[in-house]
Amino acid sequence: MSDPVILFFILGVIAGLSRSDLKIPGVLYESLSIFLLLAIGLKGGVALAQNNPGELVAPIVVVTLTAMVVPILAFLIASYGGRYGRADAGALAAHYGSVSVVTFAVASSYLTRLSVPFEGFMSVFLVILEIPGLLIGVALARWSAGNTRWAALMHEIVTGKSIVLLVGGLIIGYVSGEAGLSSITPVFFTLFKGLLAIFLLEMGLVTAGRIADLKKSGAFLITFGVVMPLISASIGIVTASLIDLSVGGATLLATLFASASYIAAPAAIRMAVPEANPSLSIGASLGITFPFNITIGIPLYYAASQWLLGASI
Amino acid sequence: MSDPVILFFILGVIAGLSRSDLKIPGVLYESLSIFLLLAIGLKGGVALAQNNPGELVAPIVVVTLTAMVVPILAFLIASYGGRYGRADAGALAAHYGSVSVVTFAVASSYLTRLSVPFEGFMSVFLVILEIPGLLIGVALARWSAGNTRWAALMHEIVTGKSIVLLVGGLIIGYVSGEAGLSSITPVFFTLFKGLLAIFLLEMGLVTAGRIADLKKSGAFLITFGVVMPLISASIGIVTASLIDLSVGGATLLATLFASASYIAAPAAIRMAVPEANPSLSIGASLGITFPFNITIGIPLYYAASQWLLGASI
Amino acid sequence: MSDPVILFFILGVIAGLSRSDLKIPGVLYESLSIFLLLAIGLKGGVALAQNNPGELVAPIVVVTLTAMVVPILAFLIASYGGRYGRADAGALAAHYGSVSVVTFAVASSYLTRLSVPFEGFMSVFLVILEIPGLLIGVALARWSAGNTRWAALMHEIVTGKSIVLLVGGLIIGYVSGEAGLSSITPVFFTLFKGLLAIFLLEMGLVTAGRIADLKKSGAFLITFGVVMPLISASIGIVTASLIDLSVGGATLLATLFASASYIAAPAAIRMAVPEANPSLSIGASLGITFPFNITIGIPLYYAASQWLLGASI
Amino acid sequence: MTSRLSVRKLITVICESCLEETITTAAKEIGASGYTVSDARGSGAHGLRDGSWPENANIRIEILCDEVIATRILDLILDTYYSHYTLVTFVTDVGVLRPEKFQHRAPSHER
Amino acid sequence: MTSRLSVRKLITVICESCLEETITTAAKEIGASGYTVSDARGSGAHGLRDGSWPENANIRIEILCDEVIATRILDLILDTYYSHYTLVTFVTDVGVLRPEKFQHRAPSHER
Amino acid sequence: MTSRLSVRKLITVICESCLEETITTAAKEIGASGYTVSDARGSGAHGLRDGSWPENANIRIEILCDEVIATRILDLILDTYYSHYTLVTFVTDVGVLRPEKFQHRAPSHER
Ligand SMILES: Nc1ncnc2c1ncn2[C@@H]1O[C@H](COP(=O)(O)O)[C@@H](O)[C@H]1O
Ligand SMILES: Nc1ncnc2c1ncn2[C@@H]1O[C@H](COP(=O)(O)O)[C@@H](O)[C@H]1O
Ligand SMILES: Nc1ncnc2c1ncn2[C@@H]1O[C@H](COP(=O)(O)O)[C@@H](O)[C@H]1O
Ligand code: NA
Ligand code: NA
Ligand code: NA
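Residue numbers (the numbering used here), protein chains in the order written: chain R, 1 to 313; chain A, 1001 to 1313; chain F, 2001 to 2313; chain D, 3001 to 3111; chain Y, 4001 to 4111; chain E, 5001 to 5111.
Every clue listed holds true.
Mimicking DSS-like on lysine-lysine, the simulated pairs with C-alpha atoms at most 30 angstroms apart in a straight line are:
id	chain 1	residue 1	chain 2	residue 2
1	A	Lys-1023	R	Lys-23
2	E	Lys-5101	E	Lys-5028
3	D	Lys-3101	A	Lys-1216
4	A	Lys-1216	A	Lys-1023
5	R	Lys-23	R	Lys-216
6	R	Lys-23	Y	Lys-4028
7	E	Lys-5028	Y	Lys-4101
8	F	Lys-2023	E	Lys-5028
9	E	Lys-5028	F	Lys-2216
10	A	Lys-1216	D	Lys-3028
11	R	Lys-23	F	Lys-2023
12	A	Lys-1023	A	Lys-1215
13	Y	Lys-4101	R	Lys-216
14	R	Lys-215	Y	Lys-4101
15	D	Lys-3028	E	Lys-5101
16	D	Lys-3028	D	Lys-3101
Calculated directly from the structure, the hints in this document are not laboratory data.
Starting from the given sequences, assemble the full structure and let the hints guide the process.
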C-alpha cells in the first residue's frame, strides 16, 4: 500500500489533467512551503544537537565534492546528448545540481513508514547541497559571457528564503534541543505529514500543468528527466558508502543527489541566465524528475542502498 | 450547552451585523474549504474500508431516487407558491436538491458530541447527493430553452473542486485504511472541529452580508427557506427507515436532504442558468436555510429520527 | 536557553536586515492574528469560567484607573521631552496607552516555560486595557480641534477585529467551559505556541523594515521606546500589588502596561488623527518597544515582580 | 468602433488601504454609481509600502463616472485627503458602452 | 517618444469572478493575443461584491488588441454577457512598443 | 476640470513576478518618483501563467512619470528585458493633480 502523501500527489495530477477547477491558492502554497522548510530545518537541528557536529566536517567535505560531479555531468549530457546551447544546458545543470526539499521530505516519510532508521543530520546535507550545484550551473552557462554579477547572485542565493528558513530552523533546533522545542513540536513535527500531503496535492496540480510544456520539448528531455536522477542517485549511494551512512541515510543521500530543484534554482537562473528557456528546465525537473523520484525513484534508491550497504549493518 | 462551533457562527453573524471590520481573508476561506472537503472524504473512506462497499449499492439507489423528489418539489413550490419564473425556480431547485458539506459536518459534530453513533459511510451519500439534484434543477430551468451545453455542464460539475476533493479523499481513505492514514490524521482528523469553527466564523460573516438581500426578497423566500428543509428532512428520515439506518445515520441523511448547496450549486447555476437572479437562491440557502439547519434543524431532525426509528434499535 | 518563539523573531529580524527575499504572505499574517486573538480569548474564557466573575469587578476598576496614567504620562513626555506637536504626542500616547496582544502571548509563554502560575483571567485585563488608553490618546491629540467624530471612532474601536475576536473568544470559552471546548482545543490550545512562532517570524521581518524609519526619527524616540515601557511596567507592578496578583499575574500585568499597540492603535489613529505621522508611533512601538519587551523587558518585569511580591506568596 | 463608445472619466486613486471604506463611501455619496478596488503595493514620497502587514498595504480604487462627478471626487480628494494621507490620483479618458450607467442621476448635473 | 509608440486598444472588463475562464477563452478564440487578470472587489448596480467568499468576488480582465479585435470583443460582451452578468467594460487608447504583438494575425483584418 | 489637470504618462508593465525588484529599482534609479505593483495572472505568447505557483505568477507595475522619464523607462525595457523575459508594456496619457510629484527633479530635464 503506497504512502498516502503520494496518493495526494496523484490526486492533484488527475485533477489537473481532467481540467478540474480545483486550485490551491498561491498563498497556501507559499505558507506550506515556509512551514515545510522550517520544520525540516528544526528536525535536523534537533538531530544535530544529539550528535557531535565536529564529526560531520569530513562527511560534508566528501559529499560536497562528489555532489559537484552532478551538475557537470548534467551539463555535458544536455550539451552533447541534447544539443542544447550553453544557457539551457547550464540551467539544466543548475536545477539537477541543486536539490528538492519536498522530494527529501517524501523520502524521509517513506523511510519512517517502513521504520528504517536514518541519520538525523541528513538535513544538514540538504542545506549544503542546495548551493554549489546551482553556482556550477550558472558558471557553466556564463563561462564566456563574463558580465555575470556574481556578488549579487551569491547574495540572492544565500539570502534566498529556502536557505534562510532551513538554516534558521537548523540553528533554532540545535540551540533549543528536543526539550526546548517541545512547545512548538505539535505544529512543526506532528502536523508535518498531513501538511506535506496538502502540499503534494498542489504539486500534482502544478505538475499536470507542466505536461503541455513537455510535449513541445520532445523525447530527449523526457529521457533526461529519468536517466539523470538514476545517474546522480548512483553517485549518491557510492558517496554514502564512502562516509559510512546507514541504509536509510544512503537512501536519503541518493534521493538528494537525484532530486532536482524547482524552487531555488528557477528563481536564481531566471535572474542570472535570463536567456535560458525556463520551460525546459522546470518542465524536466517538475514534470518528469519530481514525479519519477517520489513514485519510482525513492523505492529504487532504497532497494539499491539495501543491496549495496545492507550487509554491512 | 450548545456546540462551540455554532457559537463561532453566531459570533460571525454578530460581527457582520455590527459592521465590524473583521474579515476572514478569502484565501483562508478557500484553504479551509479544501481542508474540510478532504477531511470528510478521508473519514468516509476509512469508514468504507471497514464495510463491504457492495452492501451500499441498494441503499445508494434508494437514496438517489428519493432524493430526486426534493428538487422537483422545490421547483413546484417556487413556481406555484412563489410565482418565480422558470429560471429562478430551477435555480432554487438546484440549490435545495444538492447538499451542503458544512451543514453535514456540523451535524456529525453534533452527533459526536452526544455520543450518538452513525454509519461511517454517510459521506458516500454526501458525494452521491451532490450532483443529481443540481442537474434536475438545471433541467427544470432550461426545459424549453434547448441550448444548454449539457456536456460542458456535466464536466464542470463532475470535475468541480468539491467532487474532486470529496471523491479523492474517499478513495485515498479507502485505499489507505485507518492504519495507513495514521501519519496524516493529526491534520485531517484531530484539527477538524477547530478548523470547522473558524470556517463557521466566516460563514457567519457571509450570512450576515446576505441579510440585506433577504429584505428585498420578501416573505415567501424566508418561509421557503424554513419550510423546504423541513419537507426534505421528512423525506430523508423516511428514506433512512427504508434502508435501515441507525438513529444517527437517519439524522445525517435528514440533514443532507434538508441542506441546500451554496458552494457547488451557485457556481454551476451561474454558468448554466445565467438569467436566474443569484441573490434569490443564495440568499435563501445561505441566509435562511443554513443558519436554520445548524441551529434548529439538526436537533429537530435528531429528535424526529429518535422518535421514528429509536424503538427499532 | 531562550524561548524558541523569540528565536523565530530574531530569525525574522536577521532575514529582514540581510534583505532576504523571505516574505510571509499578508494573508498568513492576518490568518495567524485571527487565530491568536481567538485562542487568547478562549483561554481567558475557560479560566474565567473557573472563577467567580463578580470578584473581578474591583480589580478591573483599579486596573482601568491606574492604566489611564500611562497615556497621560506618554503624552507629557512626548510633548515636553520630545517636543512633538499635539497630534504626534497624542498618537504616541494612544499606542502606549493601549496594549499588544502578541507581547502578552510571549509573556504567558515565558511564564509557562518557567512553570510560573498566573491568574487565568489576565486576558480579561488584556481586553479591558485595549480601549481606554487609545481614547485618551485621541482626546489629547484633538483637545482643541473639536471636530472629532467620537461616535464613529468608538464604533470603530469597539467593533474592531481585535476586540470582536478577543471578546467573542472570551464569551465562547466562558459559556462552553473546558469540557465543552475539548473538541476544538487541538487547534486553539495545542497549536498555539507553534503558530505564535511563525507569527513572530513575520513580526521580525516587519520590525526589520521599521529600522530605517527609526534612523530618521532620532535619539529621543529610541530612548522613549525603552524608557516608556519601564515606567509603565512599574505602574503595572504597583497596581498588581494593590489587587493582590501572584508573581506571574504581576509579570503579565506589567507586560500589558509596558506593551504598546501596533494593531488596533495604528488603524484607529490613522482615521482619528490623520495629521499625526504614523512612522513615529509605529516606529517606536514596533521597532523599539516590541523587541525590547519580548527580549529584555519580560524577564525584567518577572524579576521585579518576584522581588516586590515574591515574599508575600 | 468609436461611434458606439461614449467618453467617460476613469479616476484611479492609489492610497493606503485604511482609506478603502472612507473613500468609496464618500464617492458613492457624491454620486458615483460604483467603484472597483484591488490590492496593491508600491513606493513613493512616503517610502516603501510593501504590504507585508496591513498598516503597510496600498489599494487601487477605480471610479468610472462622468465629468461632473469626477470633478467632485477630485475636489473631495484635494480637500480632505491630500494633506495627511499617502495618496496618488490620476484621471483617464475612457470609452464606455453604456454611458447612462456612469452618469449622475440628477438631471441638473447632466452635461 | 510618441513616434515609437503605436496606438492600440486596451479593453478592461470588470466582472464577477465566475466569468474568468469563459471570457478569456472567448477573447482568445476571437483573436486576442493574450490577456491579464487580477482580483478585485467593488460595488455597483448589483450591490456590494466584497470578495468575502468566492461567489462574491470580482476580477479585472485587461486585453490589449487592435481595433478589429476590440470591436469583436465588445460585440461578444454586449451580446452574450451584458444581459445576465455583473459586468463593466471600458476601452482606453494606449501606446505600445511592439504593435505587431497585439494585432490580429489574419491579414484580411489588418487596418 | 481639465484645466486643473496636467498630462503625465502612465507606463504599465505586465511581467513575470521575478522581475519585480529589478524593474522597480531600475525605474527609481532612472528618476521615477514611485511605482505601484499588483498581482496578476494571464496568458500570452509565452503561454498560460496562472499564478498557481510563484514561478508562474505575473505582476502589473504602474509608473506615473513625465515624458522624459517615460522615454528612459521604455528604453530600459526595450534594451534589457524584452529579449529574454515575459513582458508587455503600454503607455497611457493621464491627467494628474500635482504634476510636480511625477516630474524628474533635475531642471535640465524639464519640458
Ligand atoms: N510615480 C508613481 N507612479 C506610480 N505609483 C506611485 C507613484 N508615486 C506613488 N505611487 C503610489 O502611491 C503610493 C503613495 O505615494 P506617496 O504618497 O508618494 O508615498 C505609493 O505607495 C505608490 O503605490
Ligand atoms: N462606476 C463604476 N466605477 C468603477 N467600477 C464599477 C462601477 N460600477 C460598477 N463597477 C464594478 O463593476 C462591478 C459590477 O458592476 P454592476 O454590474 O454595476 O454591479 C462592481 O462590483 C464594480 O466592481
Ligand atoms: N494581448 C494582451 N493583452 C493583455 N495582456 C497580455 C496580452 N499579451 C500578454 N499579456 C500579458 O503579459 C504576460 C506576458 O505576455 P507574453 O510575453 O506575450 O507571454 C501574459 O502572461 C499576460 O499577462
Ligand atoms: Na540533485
Ligand atoms: Na438538499
Ligand atoms: Na501599554
